[in-house]
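The lines below spell out each chain.
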Amino acid sequence: MIRVAVQQEAIDVATELDLHDAGGHGASASFIGRVRGDAGLTELFLDHHPAMTEAGLADLAHAAADRWHLSALTLIHRIGPMAPGETIVFVLTSSAHRAEALAACEFLIDRLKTDVMLWKRETFADGRVGWVEPREGDQARAGKWGA
Amino acid sequence: MALNIAYFAWVRERMGVADETVDLPAGVADVGALVAWLAARDARGQIAFAEPHRIRAAIDGVMMGPDAPLLGAREVALFPPVTGG
Numbered sequence: 001m002i003r004v005a006v007q008q009e010a011i012d013v014a015t016e017l018d019l020h021d022a023g024g025h026g027a028s029a030s031f032i033g034r035v036r037g038d039a040g041l042t043e044l045f046l047d048h049h050p051a052m053t054e055a056g057l058a059d060l061a062h063a064a065a066d067r068w069h070l071s072a073l074t075l076i077h078r079i080g081p082m083a084p085g086e087t088i089v090f091v092l093t094s095s096a097h098r099a100e101a102l103a104a105c106e107f108l109i110d111r112l113k114t115d116v117m118l119w120k121r122e123t124f125a126d127g128r129v130g131w132v133e134p135r136e137g138d139q140a141r142a143g144k145w146g147a
Numbered sequence: 001m002a003l004n005i006a007y008f009a010w011v012r013e014r015m016g017v018a019d020e021t022v023d024l025p026a027g028v029a030d031v032g033a034l035v036a037w038l039a040a041r042d043a044r045g046q047i048a049f050a051e052p053h054r055i056r057a058a059i060d061g062v063m064m065g066p067d068a069p070l071l072g073a074r075e076v077a078l079f080p081p082v083t084g085g
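Sequences listed follow chains V and D, in order.
Read in order, the letters of the first sequence correspond to residues 1 to 147 in UniProt numbering.
Read in order, the letters of the second sequence correspond to residues 1 to 85 in UniProt numbering.
Chain D on its own, in the form it takes in the complex (with noise of 0.2 Å):
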C-alpha cells in the first residue's frame, strides 16, 4: 500500500524531507506500527522517532492516536506535540 507521509517541525528537520511516499511493508496497519517502522528503517528515522511518546499524528488532516488504522488513508502527518499560537 502506497502511503504519503508528511513530517512538521523537529521531525522533518531530523527525517531531512518536508514529505515522501512509502510501500508500506505487510503488517504496518497502524500509526505507532508505522513510528516503529520508520524507526528500524534508517538512521534519520532511528534520531526523529527516538522518542515515540513525543509524537503526534494525524490521518488525512485529522489527529488520530497511536492505534489508528492506516487502511484507507492518503496522507499520515507525524509530527511534535504543537506550541501553538
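Excised from the complex, chain V in its bound form (with noise of 0.2 Å):
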C-alpha cells in the first residue's frame, strides 16, 4: 500500500498510523517534519507545481518500495501558508522488519529535499519576506543515496 498525497489541510498523524497499525506490519517508521520558527518567522509558505509535485511524491514513494522491501508506506505534503510549529510533511514506511522501515524513511526524507517540486518563502515578524535558497547540505544527504 502507498499513500501519497499533497493537501494543503492540516496532516492528521494519529488517522495515518492508524491505518498501518491495522496492517499488522511488523516494524514503522516516521519522520514529522515542522515548521521552525526560529529567527523570528511568522510563516512558511510552500509553492507547488500541481501536476509534478504530486508526480515527484509518487516517483519517491516507488522509489523507496523498489529499493526496500516495505508492506506500506505513506508519504503527505502540505501546501500553503504555515505556521511555525505545523506538520509540513509526514513520513511513514512499515516493513516486516526495522532495517528496511528506517532505512526507507530516511532515504524519503533526504530525497524530498531535492526532487520534489516546492519551493519555500518565509515571512518574518520584522516584515522580511524571502524565498528560501537550496542548500549544498541538503544536495549532499540526497545524493548519497545514489541515483
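Calculated from the structure, these hints are not laboratory results.
Heads up, some of the hints might be wrong.
[Said to hold, decoys possible] Cross-link-like lysine to any residue pairs, in silico, SDA-like; alpha carbons within 20 Å at most:
1) V/Lys-113 to V/Arg-36
2) V/Lys-113 to V/Ala-142
3) V/Lys-120 to D/Met-15
4) V/Lys-113 to V/Leu-102
5) V/Lys-120 to D/Arg-54
6) V/Lys-113 to V/Ala-5
7) V/Lys-120 to D/Gly-27
8) V/Lys-120 to D/Pro-81
9) V/Lys-113 to D/Ala-29
10) V/Lys-113 to D/Met-63
11) V/Lys-120 to V/Ala-5
[As the list claims (entries may be wrong)] The calculated label-pair distances, taken between Cβ atoms and stated as ranges, are:
12) V/Thr-123 to D/Pro-25: 36 to 44 Å
13) V/Ala-10 to D/Arg-54: 28 to 36 Å
14) V/Ala-99 to D/Val-22: 46 to 54 Å
15) V/Thr-87 to D/Val-17: 27 to 35 Å
16) D/Ala-36 to V/Gly-24: 55 to 63 Å
All residues carry an ideal CB built from backbone N, CA and C; glycine is no exception.
Combine the two chains into a complex, taking the hints into account.
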C-alpha cells in the first residue's frame, strides 16, 4: 500500500498511524517535519506545481518501495501557508523488519529536499519576506543514496 | 506557435502572473531562447530572468535543460531551483 498526498489541510498523524497499525506490519518508522519558528519566522508558504509535485512524491515513494521490502508507505506533504510548529511533511514506512523501515524513511526524508517540486517562502515578524535558496548540504544528503 | 507558460515561486512574483499564453516569435526554438526572449520583452521579464542560470524549466511536466526544443510543447513551466520538503 502506497499512499501519497499533497494537501493544504493539516495532516492527521493519528489517523495515518492507525492505517498502518491495522496492517499487521512488524515495524514502522515515521518522520514528522515541522515548521521551525526560529529567527522570528511567522509564516512559511509552500508553492508547488500541481501536477509535478504529486508526481514527484509518487516517484519517490515507488523508488523507496523498489529498494526496500516495504509493506506500507505513506508520504504526505502540505502546501500553502503554515505557522511555526505546524506539521509540514509526514513520512511513514512499514516493513516486516525495522532496518528496512528506518532506511526507507531516511531515504525519503533526504530525497524530499531535492526531488520534489516545492518552493519555500519565509515571512518574518520584522516584515522581511524571502524565498529560501537551495542548500548544498541538502544536495549532499540526497546524493549519498545514489541515482 | 501558441505556448502556455506557467511561472512558480519568485519567478511568478516577479512576472506578476501565474501563467500566460504567448505567440512565440520565429527563432525562439528552445528553452534558453524562450528565457532570453522573455527577459528582453518587458521590464518584468527583465527582472524575473536577469539570471538565466538560476532558472529551471519543465516541458509538459518533465524537467528539461536550456537546449530542450519547444516544438510540440503545450506547457513550459519556469521556476527557481526547488527548495524541497
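Going through the hints against the structure:
At roughly 15 Å between alpha-carbon atoms, V/Lys-113 and V/Arg-36 fall within 20 Å of each other, so this suggested pair holds. Only pairs whose Cα atoms come within 20 Å are accepted, and V/Lys-113 paired with V/Ala-142 is accepted, the gap being roughly 7 Å. Distance check on the hinted pair: V/Lys-120 and D/Met-15 sit about 18 Å apart at the alpha-carbon level, within 20 Å; holds. With a CA separation close to 18 Å, the supplied pair V/Lys-113 and V/Leu-102 stays within the 20 Å bound.
Under the criterion of a C-alpha separation no larger than 20 Å, the hint pairing V/Lys-120 with D/Arg-54 is consistent with the structure, at around 16 Å. A hinted pair counts as satisfied when its Cα atoms are at most 20 Å apart, and V/Lys-113 with V/Ala-5 qualifies at roughly 16 Å. Between V/Lys-120 and D/Gly-27, the direct Cα distance comes to roughly 35 Å. Violation of the 20 Å bound is thereby established for this hinted pair. For the proposed pair V/Lys-120 and D/Pro-81, the alpha carbon gap of about 11 Å is at most 20 Å, so the pair holds.
Pair hint V/Lys-113 plus D/Ala-29 does not hold up; C-alpha atoms about 32 Å apart against a cutoff of 20 Å. For the hint linking V/Lys-113 to D/Met-63, the alpha-carbon distance of about 16 Å falls within 20 Å, and the restraint holds. Pair hint V/Lys-120 plus V/Ala-5 holds up; C-alpha atoms about 18 Å apart against a cutoff of 20 Å. Hint check: V/Thr-123 to D/Pro-25, Cβ distance near 38 Å, so the stated range 36 to 44 Å holds.
The hinted range of 28 to 36 Å is satisfied by V/Ala-10 and D/Arg-54, whose Cβ atoms lie roughly 33 Å apart. Checked against the hint of 46 to 54 Å, the C-beta distance between V/Ala-99 and D/Val-22 comes to roughly 52 Å, which is consistent with it. Between V/Thr-87 and D/Val-17 the beta carbons are some 32 Å apart, a value that agrees with the proposed interval 27 to 35 Å. Between D/Ala-36 and V/Gly-24 the beta carbons are some 58 Å apart, a value that agrees with the proposed interval 55 to 63 Å.
This entry does not satisfy hints 7 and 9, going by the numbered hints stated previously.
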